[in-house]
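Student: Sequence:
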Amino acid sequence: MVDIKEINVERLEVAASMLKAMAHPMRIAILKHLEGGKKLTVTEIHELLKIEQSTTSHHLGILRDKGVLCSKREGKNTYYYLKYNILSQIVGCLETCTCD
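Numbering follows the UniProt record's numbering, in which position 29 of the sequence shown is assigned residue number 29; successive positions increment by one, without gaps.
Among the hints, a few may not be true.
[To be verified] Using 30 Å as the maximum straight-line C-alpha spacing, the simulated DSS-like pairs for lysine-lysine come out as follows:
id : residue 1 : residue 2
1  : Lys66     : Lys76
2  : Lys20     : Lys32
3  : Lys83     : Lys38
4  : Lys66     : Lys50
5  : Lys66     : Lys83
6  : Lys72     : Lys39
7  : Lys50     : Lys39
8  : Lys76     : Lys32
9  : Lys32     : Lys72
10 : Lys32     : Lys83
11 : Lys38     : Lys66
12 : Lys72     : Lys20
13 : Lys38     : Lys72
14 : Lys20     : Lys66
15 : Lys50     : Lys83
16 : Lys39     : Lys66
17 : Lys50     : Lys20
18 : Lys83     : Lys20
19 : Lys76     : Lys50
20 : Lys66     : Lys32
21 : Lys20     : Lys39
22 : Lys38     : Lys76
23 : Lys20     : Lys38
24 : Lys50     : Lys32
25 : Lys76     : Lys39
I should point out that these hints are in silico values taken from the structure, not numbers from a laboratory.
Values in this document were obtained by computation on a predicted structure and should not be read as measured data.
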């Protein structure tokens, strides 16, 4: 049993914020494509998901701002990747939990 004194409310708030950012079908799809340490550009992601590039950028911005993704500029391109690879386990858990 967890002692209430050991709960770090700030860490729980950050975790909840990250989960809220992930809680969208397109964002889950983005995370799925970034599993395994993959780094993709906005263009690559919008082509994979067949959605507008502006919509893709919007979702990537939310995930980056909430600490789910990181981005790295290389030349003219910005590559997005999971900040913590363990986040892909959450996506895997969601897939397992939603299977019939």
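Student: Can the restraint linking Lys38 and Lys72 be considered satisfied, given a maximum Cα separation of 30 Å?
Tutor: Roughly 12 Å between the alpha carbons, so the hint for Lys38 and Lys72 holds.
Student: Does the alpha-carbon distance linking Lys66 and Lys50 stay inside the 30 Å limit?
Tutor: Given pair Lys66, Lys50 holds - Cα atoms ~24 Å apart, limit 30 Å.
Student: Are the Cα atoms of Lys38 and Lys76 separated by 30 Å or less?
Tutor: holds (18 Å)
Student: Tell me if the straight-line CA distance from Lys39 to Lys66 falls inside 30 Å.
Tutor: Holds. Lys39 to Lys66 sits at ~18 Å (cutoff 30 Å).
Student: Quick one, are Lys32 and Lys72 close enough, alpha carbons at most 30 Å?
Tutor: holds (19 Å)
Student: Between the alpha carbons of Lys20 and Lys66, is the straight-line distance 30 Å or under?
Tutor: It holds: about 9 Å lies between the C-alpha atoms, which stays within 30 Å.
Student: Holds or violated: are the alpha carbons of Lys32 and Lys83 at most 30 Å from each other?
Tutor: Within the cut-off at roughly 13 Å; holds.
Student: Can you confirm whether the C-alpha distance between Lys66 and Lys83 stays at or below 30 Å?
Tutor: holds (10 Å)
Student: Are Lys38 and Lys66 close enough, with their CA atoms no more than 30 Å apart?
Tutor: holds (19 Å)
Student: So if I understand the rule, the pair passes when the alpha-carbon distance is 30 Å or less; does Lys76 with Lys39 pass?
Tutor: With a Cα-Cα distance of about 15 Å, the restraint between Lys76 and Lys39 holds, given a limit of 30 Å.
Student: Within 30 Å, alpha carbon to alpha carbon, are Lys76 and Lys50?
Tutor: OK: Lys76 and Lys50 at ~22 Å, within 30 Å.
Student: When you check the alpha-carbon spacing of Lys50 and Lys39, does it fall within 30 Å?
Tutor: Given pair Lys50, Lys39 holds - Cα atoms ~18 Å apart, limit 30 Å.
In this structure, none of the earlier numbered hints is contradicted; all agree with it.
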